[in-house]
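Sequence order for the protein chains is A and B.
Anchor point for the first sequence: position 249 equals 248 in numbering that gives the first Met the number 0, and the numbering is continuous, going up by one each time.
Anchor point for the second sequence: position 278 equals 277 in numbering that gives the first Met the number 0, and the numbering is continuous, going up by one each time.
Derived from the structure by calculation, the hints contain no laboratory data.
Don't take every hint at face value.
Stretch by stretch, here's where chain A covers chain B in the computed footprint (C-beta under 8 Å, at least three residues) [as the list claims (entries may be wrong)]: (1) 121 to 132; (2) 409 to 421; (3) 428 to 435.
Label pairs and their computed distance ranges (CB to CB) [said to hold, decoys possible]: (4) B/His175 <-> A/Lys167: 54 to 60 Å; (5) A/Gly137 <-> B/Glu381: 47 to 53 Å; (6) B/Asn142 <-> A/Arg6: 27 to 33 Å; (7) B/Ala128 <-> A/Asn43: 49 to 55 Å; (8) B/Asn142 <-> A/Lys167: 37 to 43 Å; (9) B/Thr35 <-> A/Pro378: 53 to 59 Å; (10) B/Thr145 <-> A/Thr422: 50 to 56 Å; (11) A/Asn43 <-> B/Lys228: 42 to 48 Å; (12) B/Thr145 <-> A/Lys276: 57 to 63 Å; (13) B/Pro427 <-> A/Asp158: 56 to 62 Å; (14) A/Asn43 <-> B/Lys194: 41 to 47 Å; (15) A/Gln7 <-> B/Thr406: 55 to 61 Å; (16) B/Asp16 <-> A/Asp158: 19 to 25 Å.
Heads up, the beta-carbon is just placed ideally off N, CA and C, and yes, glycines get one too.
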Amino acid sequence: MNEQISRQIFRAYDIRGLYNKDISPEVFYKIGCAAGTYVRQILNGTQIVVGSDIRQSSQPLTHALMAGITATGVQVKHTGTTSFGQTLYAGGIQHADLIAFVTASHLPPEWNGVKFYYGDGVGFPEAELIRIRDLVLGDKFSLADWQTIGSIQPIDAHDAYKAFFLSKITLKKKHTVTLDCGGGSMALSAPEIFTDLKFTMNPVFCEPDPTFSKRPSDPKPKNLTTLVNSVRKHGSEFGVAFDGDGDRAVIVDDTGAILSADQTGILLAKYGLAKNKGTVIVNVECSKAVKEQLEPLGFRIKQIPVGHTFLTLEAKQEHAVLGIESSGHLILPEYFLFDDALVVPLKIAQILDTMKQPLSELAAGIPMYPTKKEEIDCPDEIKFDVVESLKRRLSSEYEQVNTMDGVRVDLPEGWVLIRASNTSPIIRLTAEAKDETSLKRLLTQFMRPTTETVEHVKETTTR
Amino acid sequence: MTRLFGTNGIRGVINQDLTGELALGIGSAWGSYLKTTAQRPRVLIGTDARLSNAMLRSAVTAGLLATGCDVVDVGLVPTPTLQYAVKQRHYDSGVIITASHNPPQFNGIKGVALDGTEFSKDTEEEIEARYFSQHYARAYWTNVGTYTSWDGAIDLYIKGILSAVDIALIKKQRFHVVLDCGNGAGSLVAPLLLKKLGCIVTPLFCTPDGTFPGRNSEPTPENLATLMKTVPEQKAMLGFAQDGDADRAIFVDENGTYVSGDQSLSLIGKYITRGINGSVVVTPVTTSTCLEDVIKANNGRVIYTKVGSPVVARVMIAQHAIFGGEENGGLIFPRLQYCRDSAMTCAKLLEILAREQRPLSELVAEIPHYEMHKMKMSCPNEKKEQVMNTLAEEMKDSKDVVRIDRTDGVKLFLTNGWVLMRPSGTEPIFRVYIETKNKQDTEQLAEAYKGIVERIIEHA
Chain A
0 MNEQISRQIF
10 RAYDIRGLYN
20 KDISPEVFYK
30 IGCAAGTYVR
40 QILNGTQIVV
50 GSDIRQSSQP
60 LTHALMAGIT
70 ATGVQVKHTG
80 TTSFGQTLYA
90 GGIQHADLIA
100 FVTASHLPPE
110 WNGVKFYYGD
120 GVGFPEAELI
130 RIRDLVLGDK
140 FSLADWQTIG
150 SIQPIDAHDA
160 YKAFFLSKIT
170 LKKKHTVTLD
180 CGGGSMALSA
190 PEIFTDLKFT
200 MNPVFCEPDP
210 TFSKRPSDPK
220 PKNLTTLVNS
230 VRKHGSEFGV
240 AFDGDGDRAV
250 IVDDTGAILS
260 ADQTGILLAK
270 YGLAKNKGTV
280 IVNVECSKAV
290 KEQLEPLGFR
300 IKQIPVGHTF
310 LTLEAKQEHA
320 VLGIESSGHL
330 ILPEYFLFDD
340 ALVVPLKIAQ
350 ILDTMKQPLS
360 ELAAGIPMYP
370 TKKEEIDCPD
380 EIKFDVVESL
390 KRRLSSEYEQ
400 VNTMDGVRVD
410 LPEGWVLIRA
420 SNTSPIIRLT
430 AEAKDETSLK
440 RLLTQFMRPT
450 TETVEHVKET
460 TTR
Chain B
0 MTRLFGTNGI
10 RGVINQDLTG
20 ELALGIGSAW
30 GSYLKTTAQR
40 PRVLIGTDAR
50 LSNAMLRSAV
60 TAGLLATGCD
70 VVDVGLVPTP
80 TLQYAVKQRH
90 YDSGVIITAS
100 HNPPQFNGIK
110 GVALDGTEFS
120 KDTEEEIEAR
130 YFSQHYARAY
140 WTNVGTYTSW
150 DGAIDLYIKG
160 ILSAVDIALI
170 KKQRFHVVLD
180 CGNGAGSLVA
190 PLLLKKLGCI
200 VTPLFCTPDG
210 TFPGRNSEPT
220 PENLATLMKT
230 VPEQKAMLGF
240 AQDGDADRAI
250 FVDENGTYVS
260 GDQSLSLIGK
270 YITRGINGSV
280 VVTPVTTSTC
290 LEDVIKANNG
300 RVIYTKVGSP
310 VVARVMIAQH
320 AIFGGEENGG
330 LIFPRLQYCR
340 DSAMTCAKLL
350 EILAREQRPL
360 SELVAEIPHY
370 EMHKMKMSCP
380 NEKKEQVMNT
390 LAEEMKDSKD
400 VVRIDRTDGV
410 KLFLTNGWVL
420 MRPSGTEPIF
430 RVYIETKNKQ
440 DTEQLAEAYK
450 GIVERIIEHA
C-alpha cells in the first residue's frame, strides 16, 4: 500500500490537494501509472490527451503524470498549457480514450489536481475515479516493456479550437463585452476568440497570472467588483467572468447585475433554444424557476444528482439541449458535452444579436426566488447515515420527496434539500421559497429534524 | 563508489532497473544539487532516439521543475550537441537521456556540467547521496521552474564545427562518404554537416529509430559489416559510423577496412600535434602505445588517466591539452569543446585527408602497429583491492618489469610491452589488457599473466 498518499485527494469528481503537501510529482507519477493502467485494462485503449492550466505547479505535475502514463505503454498527446476547453476539444478531435486536465479549477493557487474526461466530453464518474484511487493506493500498475512504452507527442489545442468557434458563431451586430479571465487559463483562448469574432472587448485580468494576485480564481459575486464596474463604465452589453481553468462562467448584465447560473440557464433556453425545445438537465439544487419558466415553453426538465459528471452523462443519454448545475457549470451540447465556459457568453451574444431588448430586460422577466444555504456540523463517519435516516423519516412525513441525491422535499411554497457534503464534515440544508417569510419558515421546519437526527445517530453509533 | 552512476551516467533496462520513479527521484536530487550552485538554475535537456525517451525525459523534468530549476528541452539531439549548447548558452547543467551504444531495451541518464563536460564523479556522488537520503530541495509552489522548448541546438552546433575546420579546403575535395548513423541521434546532425562540407553522402540507417533496425548501436567490426561492404562497392573515400548518441566515431577506409579507435585516435593526434612542440595529449591507461609513439615523434607528450571520458576531459582542461580521447572512438577537440564528439571527429579527419591528398588506408598504415589482447577474469569485488596490491608487490622486483603505474588498476610496463589489470566498477571481474609489438609475444604474456593472476586471486 502507498501509505504516504492521502486518500483525501480523491474527491467525487476529481483529484485535488495542496501542492507539496498532499500532491507532488511523485503522487502524480503514480496517478499517471494508474490512469495508463486503467486505459489499457478497462478501456482497452491506447492514448490519453494531457493538458494543464496556468498554475505554477502544473508543469512539474503534468510532466510527472505523463511519465507515469507512458510507463504503462499508453501514448500521450500533450496540448501544453491551455484553457480547459482547448484541451477537451483537442481530446475530442484525437478520439482520446481519456483526457486528463491538470487543474484545481477555482481553488486558490497553492492547490492543484487533475480531472479526467472521456474523449467524447463525458465527465469521469466517481466509481471509476475510485478504481484509479485503488490502483494508486495499491501500487497496482502494469508497466510496459521497452518496446511498447508510450511516447509523448505535442499537439495543437489552440488553432483548431479557435477555428471551431469562428466557423460556428456568426453575429450580425457588433457587440461590446467586458471579459474577466481572472488571470486564469481562459486568458489563453477567450480574448483572442472574442477579438476575432469582432467584439468590442474590454479586458479585465486577461493576462495569465498564476498566483491569482489580481482576483481570486473563484468567480463569486464578491470577487467581481472590477468586472461589474467595467461593464458600467464602458457600457458593455454584458460581462463575463471565468474561473481558474475555464469550466464556469458568470454573466453580468448591462446594468452590472450578476446573474445566477439558474437565471443564465433559463435565458439560454428561453431565448436561445426555444426552436429546439428538447430536454434540459438540472440538478436537485436548481431553482424551481427553471421548471416554471421552461416547461410551458415545451422543454422537458430532467432532475439529476449534483455533480458535473452526471450532467455530462445525462446530457449525452437524453440528447439534452442544455444542462444546468447550480454551482455554475452550464453545458450546451450543440457545441460540447463538456462544460467549457466559453460557450456561455458566446450563446448570450447570439441571443442579444437577435433581440431588441438589453440583457437586463430579458433577465427581468425571469423571477428569482430567495434561497438560503445552512451548514450543520456532522462528523464524516456518520454524515451519510444521517442523510439515510432523514430520507426514511421525511419520506413518511411528506408526500413529494425525492431521494436521488440527499433528500429533497417539495412543498407548494418552495423546497428543501438536505445533503451530506462530499468534501467536508458538514450536512447542507438548501432551501428556496416564493418569499422571504416562507423561506424562513421552511428552514426552521427542516432544521429541527436534521439536528435531531445528527444527535440521534451520534448517540447510537457511540453506544 | 557511486551506486547508480556508472562510467557514463546511469544505465539500466527500462522499467526494470531504470523506472520513471527512479528518474523522477534523480531529477529531484539533481535539481536539489543545482540549487546549491545557482539561485535559479537553468537546465538543458535532450534525448537520443530510444523509445523510452519521453518517459524518462518527463520524469527527470518533473523533478527538476519541482526543485525550482527552469528546464529547456532541445528534443532529439546527439550528446555532443547538447554539451556544446550548455557551454555556449551558459546553462547551469545539461541532462541527456541516452544509453549510448547499449542494446535498445536499455536507457540512461547522463549529466553535463556548466562547462559542457560530463559530470565529475564528485558531482555524481553528491546527486546520489541526495537521492538515497531523499533530501530534496522542493520549491514552494510560487518558485517551481518553467518548461520551454528550443530547437536551435543543432544549428548552433553545426556552425561551431564549421568554424573549427577549413571548410573551403574540405569542400573542394567533394569527398564521397558512406554515412552509418546506426539509426541513432547522429541522424539529425551528420547528414546535414557532411552536406555543408560539400560531401557526396551515401546514407545507411540515417533515420532515428529506437528499435535500431539497421544494426546494433555499438560500432564494432561485426556491427559495421554493411558499412564495410558498401564503401568499396560505392567507390567511396570513407565510411563513417556513430554510436547511439553520436559521441563516438568509427571509420572504414576506402577499401572497406575497419579502422580501430586506437588508430583513428593516433592518426588524428599525429596531424593535430604536427609542427607544434610540447603539445599535451590526454588518454586513459588502456590506450595503445601507438598514440604515444606518434605524439613523441612530434615532440609532444601523452598524459595517461583513469578510464572514463569525464576524467580525460578534466585532465585536458587542467593540462591545457591540445587533443585527447579514448581507444573506443571517443575523441575530444578542445578547439570546439571538452567532450567526445563524433561529428567533429569526422570533420577533422576530412580536413586531414584533404590536406594530405592521400587515401585513409595509407595514413593508417603509417601508424605503428601493436597487438593487443583483452580478457576478463572473475574476481569477487571484495578481493579486488588485495589482488591488485599483491600483484604490484610481487612484480616490483621482477627483471621484466620496468615500471609499475597505479593510475587505474595495475599497469606493468615490461621490456617488450605492457600488461594492465583494472577492476570493473559494475561486475565482479578484472579487465586485463596485454600489448606488445607482435602477436606471439602478446599471446605468451597473456598465458603467463592469466596463470599469475589466477593464483593470486585463489590465495587472496
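Against the structure, the hints:
| no. | hint | verdict |
| --- | --- | --- |
| 1 | 121 to 132 | violated (count 0) |
| 2 | 409 to 421 | violated (count 0) |
| 3 | 428 to 435 | violated (count 0) |
| 4 | B/His175 <-> A/Lys167: 54 to 60 Å | holds, 58 Å |
| 5 | A/Gly137 <-> B/Glu381: 47 to 53 Å | violated, 39 Å |
| 6 | B/Asn142 <-> A/Arg6: 27 to 33 Å | holds, 28 Å |
| 7 | B/Ala128 <-> A/Asn43: 49 to 55 Å | violated, 44 Å |
| 8 | B/Asn142 <-> A/Lys167: 37 to 43 Å | holds, 41 Å |
| 9 | B/Thr35 <-> A/Pro378: 53 to 59 Å | violated, 47 Å |
| 10 | B/Thr145 <-> A/Thr422: 50 to 56 Å | violated, 31 Å |
| 11 | A/Asn43 <-> B/Lys228: 42 to 48 Å | holds, 46 Å |
| 12 | B/Thr145 <-> A/Lys276: 57 to 63 Å | violated, 49 Å |
| 13 | B/Pro427 <-> A/Asp158: 56 to 62 Å | holds, 58 Å |
| 14 | A/Asn43 <-> B/Lys194: 41 to 47 Å | holds, 46 Å |
| 15 | A/Gln7 <-> B/Thr406: 55 to 61 Å | holds, 58 Å |
| 16 | B/Asp16 <-> A/Asp158: 19 to 25 Å | violated, 42 Å |
Violated hints for the displayed structure, listed by number in ascending order: 1, 2, 3, 5, 7, 9, 10, 12, 16.
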